[in-house]
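**Q** Below are the chains, spelled out letter by letter.
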Amino acid sequence: MGQCCSCGSSGVKLIYSCSGAANTGYLADSVSRKLMMDGKGKMTCLAGIGADLAGFIESAKCADKNILIDGCTVSCGKLIFEKNNLPFEHFILTNYGVEKGKTEITIELIEDIANKIADAIKTIG
Amino acid sequence: MIAIKILGTGCKKCKQLEENAIKAVELACVEASVKKVTDINEIMNYGVMMTPALVINEEVKSLGRVLTSEEIINLLK
Chain E
17 MGQCCSCGSS GVKLIYSCSG AANTGYLADS VSRKLMMDGK GKMTCLAGIG
67 ADLAGFIESA KCADKNILID GCTVSCGKLI FEKNNLPFEH FILTNYGVEK
117 GKTEITIELI EDIANKIADA IKTIG
Chain U
2 MIAIKILGTG CKKCKQLEEN AIKAVELACV EASVKKVTDI NEIMNYGVMM
52 TPALVINEEV KSLGRVLTSE EIINLLK
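Taken in sequence, the protein lines are chains E and U. Counting from 17, one number per residue, gives the positions in the first sequence under the numbering used here. Counting from 2, one number per residue, gives the positions in the second sequence under the numbering used here.
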């Protein structure tokens with residue numbers, strides 16, 4: 017990983033969201049975009065890894081951290097990363113008091129969970 | 002013909018990778034084109050989040066590092 021340059025910068029954090037159909041998937045997507053807008057990392061496509069596209073897989077290998085946000089405990093994103101033997105830091109949004117199929121997704125909720133994940137990212141370095 | 006693309010917005014390392022790729026083509030005596038891609042949208046279409054990246058026949062072979070000519074020759078085989 018030390019040889020990755022990203023045109024001179026280092027410490028690249030990539031953010032992936034399950035972006036599933038349920039409210040939790042929508043929340044995962046929204047939180048990921050908020051984290052990207054707040055400069056916590058670059059969001060990229062989990063589907064690209066699922067599709068075995070070399071560029072996405074090599075990017076995940078090369079990143080300093082892969083922040084993976086799954087909406088629920090089915091953890092599709094985690095399974096995709098494990099299938100490809102890729103390292104990741106995992107966040108499941110139902111662990112933050114969100115109920116699949118029930119909780120209304122509001123801007124306040126998106127911001128609250130994004131802040132909590134941002135704090136956790138800081139802790140893991 | 003082998004199609005080689007160097008993905009990068011134009012930093013020193015991207016230029017070095019392009020030079021190494023051209024040298025590799027000469028040393029390997031293969032028929033190949035070397036094209037530099039600087040458009041960020043086109044780069045993103047490859048899923049590449051770190052540059053420079055080396056693409057051979059539309060497949061990303063490496064990213065985030067400057068491969069040597071020898072390493073590129075091995076990828077051309």
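Any given hint could turn out to be false.
Stated by the list, open to error - List time: in silico DSSO-like cross-link candidates among lysine-lysine, alpha-carbon distance up to 30 Å:
no. : chain 1 : residue 1 : chain 2 : residue 2
1   : U       : LYS14     : E       : LYS118
2   : U       : LYS16     : E       : LYS58
3   : E       : LYS58     : U       : LYS78
4   : E       : LYS56     : U       : LYS14
Unchecked claim - Chain E is nowhere near these chain U residues, computed Cβ spacing over 10 Å in every case:
no. : residue
5   : MET2
6   : ALA4
7   : GLU20
8   : VAL26
9   : GLU27
10  : LEU28
11  : GLU32
12  : LYS36
13  : ASP40
14  : ASN42
15  : VAL49
16  : MET50
17  : SER63
18  : SER70
19  : GLU71
20  : LYS78
None of these hints come from the bench; they were simulated from the model. Just so you know, even glycine gets a beta-carbon here, dropped at the ideal spot from N, CA and C.
**Q** List in ascending order the numbers of the hints, as given earlier, that are violated by the structure.
**A** Failing hints, ascending: 1, 3, 15, 16 and 17.
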